[in-house]
Structure formats: C-alpha cells, structure tokens
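K.L.:
Using the hints, position chains Z, V and D against chain G.
There are 4 protein chains.
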Amino acid sequence: MNFKENFRLQSIELNEKRVIRDAIHDYIHVDHLIIWRLINSKEMQRLRRIKQLGGTYQVFQSAEHSRFVHSLGVYQVVRRMLETECLTNALSDYDKLCVMCAGLLHDIGHGPFSHSFEGVFEENHEDMTVRMILEESEVHDILVSLYKQLPQDVASIIQHTHPNRILIQMVSSQLDADRMDYLLRDSYMSGTTYGHFDMSRILRTMRIHDGKIVYKESGVQAIENYILARYHMYWQVYYHPTARSYEHLLQSVFQRVKDLYYDGYVFQTHLHYLIPMLEHHFQVSDFVDLDEAVILYYFKEFTREKDFILSDLSSRFLNRHLFKYKQLKSQKDLMSIKAIAQEKGYHPDYYIVSDNQKQIPYLHYGESGELSEIEILDSEGCLSPLPMKSEIVSAILNSKRFKSDQKVFFPKEIKDELSIF
Amino acid sequence: MNFKENFRLQSIELNEKRVIRDAIHDYIHVDHLIIWRLINSKEMQRLRRIKQLGGTYQVFQSAEHSRFVHSLGVYQVVRRMLETECLTNALSDYDKLCVMCAGLLHDIGHGPFSHSFEGVFEENHEDMTVRMILEESEVHDILVSLYKQLPQDVASIIQHTHPNRILIQMVSSQLDADRMDYLLRDSYMSGTTYGHFDMSRILRTMRIHDGKIVYKESGVQAIENYILARYHMYWQVYYHPTARSYEHLLQSVFQRVKDLYYDGYVFQTHLHYLIPMLEHHFQVSDFVDLDEAVILYYFKEFTREKDFILSDLSSRFLNRHLFKYKQLKSQKDLMSIKAIAQEKGYHPDYYIVSDNQKQIPYLHYGESGELSEIEILDSEGCLSPLPMKSEIVSAILNSKRFKSDQKVFFPKEIKDELSIF
Amino acid sequence: MNFKENFRLQSIELNEKRVIRDAIHDYIHVDHLIIWRLINSKEMQRLRRIKQLGGTYQVFQSAEHSRFVHSLGVYQVVRRMLETECLTNALSDYDKLCVMCAGLLHDIGHGPFSHSFEGVFEENHEDMTVRMILEESEVHDILVSLYKQLPQDVASIIQHTHPNRILIQMVSSQLDADRMDYLLRDSYMSGTTYGHFDMSRILRTMRIHDGKIVYKESGVQAIENYILARYHMYWQVYYHPTARSYEHLLQSVFQRVKDLYYDGYVFQTHLHYLIPMLEHHFQVSDFVDLDEAVILYYFKEFTREKDFILSDLSSRFLNRHLFKYKQLKSQKDLMSIKAIAQEKGYHPDYYIVSDNQKQIPYLHYGESGELSEIEILDSEGCLSPLPMKSEIVSAILNSKRFKSDQKVFFPKEIKDELSIF
Amino acid sequence: MNFKENFRLQSIELNEKRVIRDAIHDYIHVDHLIIWRLINSKEMQRLRRIKQLGGTYQVFQSAEHSRFVHSLGVYQVVRRMLETECLTNALSDYDKLCVMCAGLLHDIGHGPFSHSFEGVFEENHEDMTVRMILEESEVHDILVSLYKQLPQDVASIIQHTHPNRILIQMVSSQLDADRMDYLLRDSYMSGTTYGHFDMSRILRTMRIHDGKIVYKESGVQAIENYILARYHMYWQVYYHPTARSYEHLLQSVFQRVKDLYYDGYVFQTHLHYLIPMLEHHFQVSDFVDLDEAVILYYFKEFTREKDFILSDLSSRFLNRHLFKYKQLKSQKDLMSIKAIAQEKGYHPDYYIVSDNQKQIPYLHYGESGELSEIEILDSEGCLSPLPMKSEIVSAILNSKRFKSDQKVFFPKEIKDELSIF
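Respectively, the protein sequence lines represent chains G, Z, V and D. Position 377 of the first sequence, counted from 1, bears residue number 377 in the UniProt record's numbering, the numbering being contiguous throughout. Position 356 of the second sequence, counted from 1, bears residue number 356 in the UniProt record's numbering, the numbering being contiguous throughout. Position 140 of the third sequence, counted from 1, bears residue number 140 in the UniProt record's numbering, the numbering being contiguous throughout. Position 56 of the fourth sequence, counted from 1, bears residue number 56 in the UniProt record's numbering, the numbering being contiguous throughout.
There's no promise every hint is true.
Stated by the list, open to error - DEER-style ranges, computed between Cβ atoms:
no.	chain 1	residue 1	chain 2	residue 2	range
1	Z	VAL144	D	GLU135	54 to 62 Å
2	V	MET388	D	HIS209	38 to 46 Å
3	Z	SER419	D	SER145	25 to 33 Å
4	D	TYR265	Z	PHE308	36 to 44 Å
5	G	GLN327	V	TYR147	36 to 44 Å
6	Z	SER218	G	LYS332	24 to 32 Å
7	Z	GLU135	G	SER384	50 to 58 Å
8	G	GLN327	Z	SER145	54 to 62 Å
9	Z	GLN406	G	LYS332	53 to 61 Å
Hints were generated in silico from the structure; no laboratory data involved. Virtual Cβ for every residue (Gly too), placed ideally from N, Cα, C.
Next up, chain G with everything else stripped away, as it sits in the complex:
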C-alpha cells in the first residue's frame, strides 16, 4: 500500500488552478491535473449531450441543463465537504482523490433519455458507470495512468463496496453530494423555490463518529428542510404529469423500435448506433457513442418510416403532441380504456400507458440496501436516527396514507371517448 500511503494531492496539483463559473456554486475549483483530465475526457464530454431532467423540461421549460454540469456540481460539493474540518482530518489524501473522482464520474453510465432508455433496453446506469471506469475508456486510462488500482477504488465507492463507509456516504446516501447538487440545480434552473435548503449549515454540522458521517443536533432543522425540499421537488417537478407523459411517449417509441427489430421489420433508417443495444451485446465504446443527439436524429428519421406506429409516435415526440392524461381509478377502467383505444385504431401497447408514482421522503434502516439512515449526534455524544430527533420526519414516517398518483396516458384524439372515466 505504499502508493496510497505516500500519495499527496499536492503532487498532482495544476500549475495554475482552474475555476469554472457555475450558476449554483459560483465557482467550481479544479486543483488537480487528474480531475481536469477527467472533465475533458470523451465520456464526460458526452454527458453534455444528455439532459439532466429527461421530460421535465417539457414543463419547466428553462430547466434544460445537462448531466455534465450536474456532475461538475457533485464534484464541487464533494470538494466542499472535504474542506470541512472533520473530513479534512478524517481522510487520507488518496481517499480524498478517490471520492472526488467518484463524485465527478458517478453519472457517466447514464444513457440518452435515461429512464425510458433503461426501462426498454434493460440497462442499469450504475452498472454501466462501473464498466466505464473499469473497462476500456478514456476515463479508465486517465485513472490508471496515475495508479493501477485507482479505477477499482473509485468504482467500489459507486458500488457501495468500498471499505471506508464515509466515502460511500459522501457520494450516495440519503444526504449526499449528488442529491444536494441536483436539488439546488434543478430548482434554480426550473425557477421553482421548492428545492432551496441550507447546504452551508448542513456541512457545518457534519461530524465523523464511529467511522461514519453523522450530524450535530443543531443541524436537524436544516436537514428536515432538505428532506422536505426533496419531497416537494418530487411532486412539483419530477412527477409532474406532463413530464411523465413525455417519458411514456419516449418509452413507447423505444418499445416499438425494439418490437419491430425482433419481428424482423426492415428499417429504412440505418440503426447503426442502436443495434449493439438491441442485440444486448456491446462494448463500452458502443455505449459512449449513444447520446441524445443520436436518438433525436433517429426520431427524425423514424418520422419517415413506413411503420405507422413508429412514425406517428416519433412525430408526436418531436413536435410535442404529448399524450393527455387522467386519474386512473381501477385496473378495470384501464382494460376498458385499452379496448376503446384498440377500437379507435390506437394499439394499446404503445398508446395507452399507466403509471403510479409514489414518493417516500425518508427511509428507515433496512428499508433499502444501499441507503443508510441519517444519524444525529447529541451534545452528550449519543447517536440517534433522524426521526428520533425530528418530529416532522417522525410524523411523516408514521403516516399511514402516503400519497400516490395513478394516471393513465392516452392520445389527445380519443379524449372525448374517455371522458366517462
């Protein structure tokens, strides 16, 4: 372990430190050559061509930002955490480097229009991120060029298998750099006030106790505020029905492409970049070639395909003829709605979609394999889980009826026929 022990961050400092102007964090500071090289890698630059918010910008129009700026933001929050007194002292220089890299790279495995894409092509962005770090890629080469074990160490933070739990908590937990950046950023960019919370105060109350990150009791209200900010952003922004409508339309296009491909349909469009995904056999480089420009290009081409369903759905997508929606009251209603669609000439597998959104603002121990509970350190040095110290969070956890929202989405053209539901 000589390298790790002897490694000093200053040995890879840039001659001239770089700053990147950012609307959320004012400046993002880059002090180390390896971070600068990672930012300028092919895999990171690809994230410029993938939007952070999928369909949400169809509702919150000014929220057009990419996963690239969010990734820079996560890196910057990790960097600010490392500047707190407690983390400065708790971590080795090598661990600091690993966690900065993990923060920066945690999203590189996202596909174009991520959620719909993953749903249809059965990919998982976290696995893909790990593959991109460990297999052949510019990112991998940059990491290895510093130290051969660096890719594994960075990947293990993202996979939640790193022995130092602090590093995992920083990048992926109920109160991590990822969530902090996206709440602030999505809120700022969408022009809503819901995602504001007091990050400075949360960072100031961070402590290390028993080898993990905990928070002083004086931070409880700032954390409550953060949890409610998240809750409200979900319902006001992320789960907005128009955004869901957009995602469903996208998913129907992807599904139709997949079904046609397996049925042997002959595409006019040369599906070059999608075939590896359809065949479930692809290299990292095939995946890196996929971005939202490619998909949008295909959609434009699809509008000229002779398969009516594919050309119609693609055209609806590009020109924002989104599905309409209404509350879905029962599965029986869904059956009837599908039957009506079928009768009116709309294939129900693609034109009728239902979903049921639910959001649980806080998770207890054991409710999730990967998310650990937020713990509070009181003035006597005892730890308690957040709900013991926060009546708001406790009240929420004990609530029986939690909001869920079940909707059915359908073409505008059959709106009248469905008015009875």
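P.N.:
Relative to the frame of chain G, chains Z, V and D by itself:
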C-alpha cells in the same frame, strides 16, 4: 349605504401614482391618496422606530428592519391579492379600500419591544390598534375625512367582526398577507433560506367559494411549503435561545421599573413617557409617544440609577451582556437554581427566568377562535380542510410528541455554579 | 381594414389561461389561443434543439439554455411592455397581437450553431424568419387561420418595415425585448452578475411621444446600467476566447464539408439534411429539419470519414479538444503562423483562424440603419438623444480608442512552435 | 519586536469558532477571541443604534441596517482577502490581526446621523475612531490586553500612516473592504440592483507587486463593473433628493440647537448628552453615550420647546414632513427664495438650504491625498493605472462635463410662492 355602494376607488386615485422600492416586493405601489396620507401619518411613521423582530437581531444581525416596512409589505400583499381574478370580482370598491387600510394599519398598536412590553404593562397590541383607529389620532382623522364610518369598518376587519369573512381572512388567518410578508421579509433580512415559499403560486390558486377564500388543489404543495417555512422560521429564528435571552433581559428591566415605581422608589430619570403606562391610564397620544428610541434613552439613563438591579440590568441590555441559558429539566431544578442565584446576590425574580417554547405548525377548526382552517377546493367543487389533502400536514397534526423547548436563563457570572444542572 | 379595427384580443382568449414557469420571469403568461398554438408549432419546438449561446457554454458551462426559452422570454417582455399604461393606450388590440407574435417568433429562422452555420452557408436568420412566417409552415398556417394578412403584418415588424415604429422598437432596437431577455437570461444561466439591470424601472419610465417610444429622464441611470451590462456581457461572456475557439472549430468543420462536397468527395455519411443547404436550394421545411441534434449526429459520423481533416476536426469538436489561442500582433505574423502550420501538416485554411472582436456599447443616429437612438424626455417635454443626458454614455461615445481583441487560434499540437509570436 | 514576529493567530483561536449569519456574506466567521471580544465591546454595540444610511431609508424604506452589521461585513471581506493565496503569503500573522481589527473598528467614531452631526458639531469620524482606539475605551483595553502596541498599529492603518501599504489599501482605498461591503449591503437592503458586482472575481485577480495590492488584467472588467456600480449607487441611492432633504432638515435642527445654546436660550429639555459636544470639550466616553436613540429622544422633547423654530423643525423631522425641493438655477435665485421665505415667516438660515452634489467615479494619482490609484498587472509583469487598461474608466476621466445636481430645499407651505423659480 349610498356612499359605500357608489364609492369608486378611482375617485381617490393619486395624480401621479407612487412607488416605493422594496427589497421583498420590488415595488410597493400606492395608487390612492388616502393610502399615501396614512403612510405619512404620525402613527405609521412611529413604526419606523420599532423593530420588527425584537431580540432576534441580536442573533441574526442583519435583520434590523422595522414594523414600518413590514406594514408596507402587508399592504402590498393585500393589493396583490386584490389583483387576482377571483378577488377583483368578489369585492366592492369600498371593501377593497377597507382591507387595504386594514393591512397597512394592522400593526400600529405595537409598543416598543412589543412582546416584553406587552407582558409587563398588560397591553394588547390588537386592542391598541383598534383604539388608535377609532379614537383621536392622525390615522383616525384621515379615515374619517373620507367617510365617517370608515374607521369602524377598518377596525372591524382587525377585530374579526366584519361581516365579510373574506376581508378578515386576507389580513388575519392561517394564510394571510401578514404572515406572507413577514416570512419572506424576515427570511431575506436575516439571510436564512427557511422562510422562502412560492407566494405567486398560492395567490394563483386562490378562489372564492361560499363567501370565503379557499385554494385549488393544485396549490396544496405550495401551501405545505409555506406551513413548513413558518415552522422552520419559528425554530431557527424566532425561538432562537439568544433572542429569547434578550427578550427576558428586557422584560426584567421593565418589571424592575414597574416594581420600583409601585414601591415608591424615587427615580433620577424623569419617567415622563412611561408614567401613563405605569398608571394604566393613558390617551392614544401618550402611547404614540412611546417608541424604541425613548426606551433606549431611558435604559441609558437607568444605568446611572442608584438601584443596583435596575442599573445593572440596563447596562447588560445596552452592551449585550445577555443571560446564558441551559435546558431546564424540572421545576425542582428551577427552584434550586433560584436559590443559588439568591445566595450569590442575584435577585431571582429578575435574574432567573424560564420559558417553554412550543410551536404548532397548523391549527384545526375550533382550536383557535380566530384562525380559520385552510380549505381546499377539488376539481369536483368539494371543499376539504387542508389536512385531508396534505399528507404532510396531516402527519404533523397526528404527531403525538411535539417539540417544546424549556430553558432557564441566568447571569453569566453564576454559570459555574449551575453546571450541575 | 374592418378586421383590424374590430379585432378584440379577448375574442381569442383561452378558456383557462396558461402559465409557464420560468427562471427569469417567474411566470410566462399565455392568455390567447393563437400564442399557445404558435408555441406548440413545429418551428417553435425545433428551437428547443438549438442552443442560445453557441460555443459559450463551453466556458460558462451552466448556460445550456435553448433559443426556445429565450423566445418565450422575449414574448413575455413584450407582454409586460403592453401592460404599461403608455402602451396599453397607444396600441390597438390588433397591433398588440402582432407585436406579441413578432416577439415570440423573431428567432425561428436561426440555424443550428447559428453564427458558424450562417457564415459558411451564407444564410441570414432574419430573412429565414421572414420566409418561415410568410411561406409554408405550421406557424404561417396558424397566423393565417386567424386573419389572412397577419403573417405579413408580423413579418413587417421583424423586417423593420411596419408603419408603426413603436412595434419595431419593442422587438428590435437598442433597448428592446430581445436584448432585455437575453441579458437577464444569459447572466442568470451562466452565473455571472454582469447582465443584471433594472428592467422594472426602465419599463416604468417608458413613454410614447411623437409616435415612438422614449424614456423619462428619471430612467437614465437604469438605461446606463443596461448599456454597461450589455457591454460587460459581451467582453466577459460572448467574446470569451474559448467560446470563439469553439465557434472557429465548428466553422472549420462546416467549411471542410462544403469544400469536399464541391470537390466531389464521396461521403460515407448520408448528408440528406445538409444537401439542400449545400445546393443553395431549399424549402422552408428543409430548413426546419435542421437542428443541432442532426448536426451533432453528422459530426459523430464524420469522425469515421476517410478524409483526415474532416474526421480530425469533428473529433476535436465532439471531445472538446479546442484550438488554443494567442494575441495576434500583425498580419505578417498570421502569414508566418500559417506557414508553420502547413509545414507541420495542418492545413492552414482549416487549422489557423484569426478574428478581431470589437464592441461598441452605444450607436448614434445614422450609425446603423436599423437601430434607432434611445431618446430621453425631460420634464419640459423636450426630447434629447441619450448621450446628451448621460455623461457615461457620452464619455464612451467620445472615446477614441475602443477595445478590440485580435486573436489567432491554432491546434494545441503546434503550441510550442508558435511560442515565439 | 519579538512579540510581532513570534505572534501566531492560532494562539488566540477560539475553542469553538463562531459564525454569524449574514444576509450578504452568508456567514461571517469569527476564529479569534480578540475579534469576538471587540464585537461585544460597548463601542461596537453602540453602532447597532446608528443607521448606516442616514436619511436614505426615508426613500429606500427597507434599507434600515446599522453601521454595526456593515462593520462586521467589512471585517469579513478583510478576512476573505487574507484567505487569497497572495495575501496569505505576503503578510505576517501580526499584520493579519491588525488589519482584521482595523476593518472591524474603522467606523466606531461615527456620530448619530453622522453627516449632519459632523457638519454642525465640527467633528470628524476618522479622528474620533482613532481617539477611541488610542484613548480610554473598552476597545482600547481589549487591544492592549493582547499587546501594548496593538492600538497604535491598528490606528495607523486607519490613519494611513502604517508602513505596510497593503494593510492600508485593504481597509481604505478606491477598492477596499469598506466600499465592497457597503455597495453589496446597501444594494441588497434597498432592493436596487445597482450595487451588484463580482467580488469573487476581483479577489481572485488580486496580486502583490512591489509591496502593494494590484490586479491582474483579467480582472479589469470586474473592476469597471464595481466602479460603475458605485457611480450608480451614488446617483440612484445616496444622492436621492428626498434623502438629502431629510439630511438638511436634520442639520437645521442641530444648527438651531447650537445657535440657541450659544445665545443663552434656556432649554426645557435637559441636554445632558449633547453639552460636551456643544462645549467642544468631551471624553471618549461622552461621545460613546451619543447614539440615534438619544438624538431621537431629544427631538421628541424639542417638539415641546417654546422656541418655535426648534419645535417645528423637530416635529417635521419625526413625522416626515420633509422639505420639498427644486433645481436651483443661480445664486441670485437663492437670494430671492430666501427673501420670500423670510417674508412668509420662515427663517431662511434654517428653512432654506441648498446643496450641489457631484460624484467623480474614479480618481487619478494625486487627485486625493489618501486614495491611491488602482493598478493593473499585465501578463508581462508591467503595471499600468486602471484608466490605461479600461476604456470605460478612461472615457469617464476624460469627460469634460460631469454631472452635478444643485437643488434648493424649502418648506412645503411656500411651494406655490416658489413656483416661479
């Protein structure tokens, strides 16, 4: 009722409409002569010399704003409410004028350092506001000069006795112009993020139903957000222990003055402006003479009084030698603490104070005589109380254990002696 | 002219007025069906796939917004102008509709990566906007469906030929809705403070005099502030050398494609969407098919072309291997630099680019055909050009030496060889 | 000089570092015991009772902040400067302490309603600040308790006599912590946008060269922006005619008190706290006793004095019956106006005031004894004065006609009589 029915706001429009720059609302618009005259009345100008936040600015140092700017802000929120489609149509011009006056004047009865002052001198700012509107004052004269019944109509809104419930709700309810302005303003001025909420959205979802203000279901989350903003502002700002310490010190000075006065102590300071209050016999004009400049002047004089308790407490107040505090575990402890103070030469009636703060974020029907429940109008035209439509508010209401904070405050000098508690 | 005279905006009001959340204007209000239909047209939706700031987001990373949201913003500023007392009274309902449409549509003729694209393909976005409004398009159909002369009237505002000068000033002048929105938006999105100015105050001091828009003297400082905001945004943001480097690289790719095409090179990539532009013969619909997704797709394909220059430049573009730059001192130096590039194997026509940026913060009468001087109305009712009333603007106009910035851009690989210049 | 050389800031670090929430700087950090003690001294606490903006809050109503919060802000900007790489290395720990103290204390010598007070009582706040640091005061005792020469060293920074020019520049120059804080704070509190500038960027381009602070060329635009922010704040806020009117009224009251006192008038009010000032013979402690509460108390008492001029002016002041104003065209006009006032029964010495405001946005070398020019360091290591590098600043300096604003102020009651001027 000819005047009321025939009254048109445009008949009292200013030749040139006035705007007042404001950090919260950007511009406060004054369209009517009577509003302009009220703003420039002696009673309103006096509010410039009374701070909005009592002791809070000892903690949140930049929150030094006065009740005057808050009053302008409440007026402006009322004015914005009147611009919504639903209220524009629901109210007569005369009612609109009444509610704008009520919003502007609702705080004129506040004394200097309001809460401590009211506590000791047994005054109530709401009653005082009503007296100032109805009895001899510049404000009264201005109102009467337009229409002889105007003072009564404005006062009845503040007293919750006006027949039109909408007007009362606008100025004083769980979701009123007063609370909206102070949350936004106190939050902005103190530099905390806790008080932000989406006022535009709340106003946009306002509707009139059955002669009262209700909110469309699509506004529920903005309202939840507002309720939690209020909850967090209470704990983070208004109930901050240092702010309470400051209020207690103030109260002890007032109490000492009162006790000495009744005991026949001969003051060096000429108590001119306080005597009517001490004698419980005063005119409106006596009250108007009282502001924080007078009280601060007296406090400076008191530092030269021969009564040690009075001079010592006044000097602590002026030079910010505030009381220290700690959690109070039992009434027995309080007794022991008072005994120790006595022994060390600190009169426990003035030097040992305890309080117990509690904050209930939302009140049900009937829990308060004056606050009406927030009601939600669903798409089928049915009304429900907010907690039926908000799982967050409902969870909070059903919570058994609600935070309360009991503390004891004491002179720094006996800190060591009290370390055992 | 019966239609124009009798037309009332309320006749096309939406049953339920729409609002669009926006980070800059809080809410964008849509009151009229025709505006809502235009927003949802194919040509407007295409602007979602064209970035507002070309290469600038390579420097100001968070400024990733599209021309679509900017267009909504311009419409909203026009709408706010129409709400001022002076414009409410000065314009007919028909003129109000025309100018709202013109504000919304003024940018639809922009190509992908607009400036570089226009440079190489010799297109002009203003002409293209006019063609799209007057020729066959969804936008045209929507306008015509209301009134057959509406397209001409809207287009004439954009062409500066409309008889009512006020309408032209609102959309295109030295102080127009377009500039106001982009300064505020680009500043907010990039996280710089330079573009802030006091739009509310400027609008409040707007007056109509002699059939044109002028400003009260009390608005002079807000206007100075706006002019300097623009000046600083140009130098700090729009003319940032890295942004220029990105634009030059883009232009070199476009130029190489064009040169190869005319030379008869056989592309592996099917250039379908670009051919009409290369042939200088295209329909509006061909142009509408072009967006940044198509261009980015082509660039990815070009990285596989056998022409080394094309594949190399495309790959530099996609992976952000931008040209380096330095101050250019003379044309002689430029010759020598080109010679060195040639020698090192870099074709100087594509790999060596120079530019000279200059920005004049304010233009006098007659210095530009289309921009009219800002005029100030004093309290005696006399008009003066802005520089007579603003010592800052006057000082700037009289300044002899105005900043220009001449730079040469080149591949990183020959940085050392060029260190002598 | 052993103490100075061996002194380490960490030796006086607080056990628990303090933070003060602030609307401008988010948090103000207090790391050292001596700073904490100075903040809690009598002389600093007195600044809570003196408003930063004199009469300006009569126009920009929400700008009610005190000199106390501004002083904290100046300290925080100094602290941020010390964190820049260049200053961290350039200064000894002792010098760092001195300059933090100087930043915090630079305004303690301000009287109540500073400008008017100084004008009439012939005091100078800078001299007074120095006296308070060097003579008997809590502040003096705190400084001396650490090191006997500390008061002199701190005072010499404020007096511009300290041998290390860097320290002087930080606290008092054309680009210092004082101006930076007040522009940001006054702008935020008043709700205007004019005072915004990019402080982060200015601090990032700060360098030490030849023993003084200079700025890298890349900071020029941020500095231009700052200079123009200052220019606009002067005209829009500080020199607003209503604010001047308020100051003149104040000055007339002070003048009347002084004249009456020298004439042997017998005051009903006991002038206790003012007599030392009237006698021009006072101790530091006499001055510390004066704050705006005392003055406001006196004004209230004055409304009951039998001297009509004094009681009338005081009442106008308290109830905001400010003087009206108009442009003053000539000294001859002023004579005539005074004659009319006299005739109407208004003593012209107190009721007719004229002033002439002028603001020079930037000063060259030698134009002021104490302000040194801002110098720019180019990439070749050469220094130039700012105007050589900024065409905007240069244009402004070369401008012949600089705005000045001459007005006369008079009682509203004679408005009609003066309409001819």
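K.L.:
For every hint, state whether the structure bears it out.
P.N.:
Verification of the supplied hints:
1. Z:VAL144 with D:GLU135: 54 to 62 Å: 56 Å Cβ-Cβ, so the 54 to 62 Å window holds.
2. V:MET388 with D:HIS209: 38 to 46 Å: holds (41 Å)
3. Z:SER419 with D:SER145: 25 to 33 Å: holds (26 Å)
4. D:TYR265 with Z:PHE308: 36 to 44 Å: holds (37 Å)
5. G:GLN327 with V:TYR147: 36 to 44 Å: holds (39 Å)
6. Z:SER218 with G:LYS332: 24 to 32 Å: holds (28 Å)
7. Z:GLU135 with G:SER384: 50 to 58 Å: This hint holds: roughly 55 Å between Cβ atoms.
8. G:GLN327 with Z:SER145: 54 to 62 Å: holds (56 Å)
9. Z:GLN406 with G:LYS332: 53 to 61 Å: holds (56 Å)
Checked against the numbered hints listed earlier, the structure breaks none of them; every hint is satisfied.
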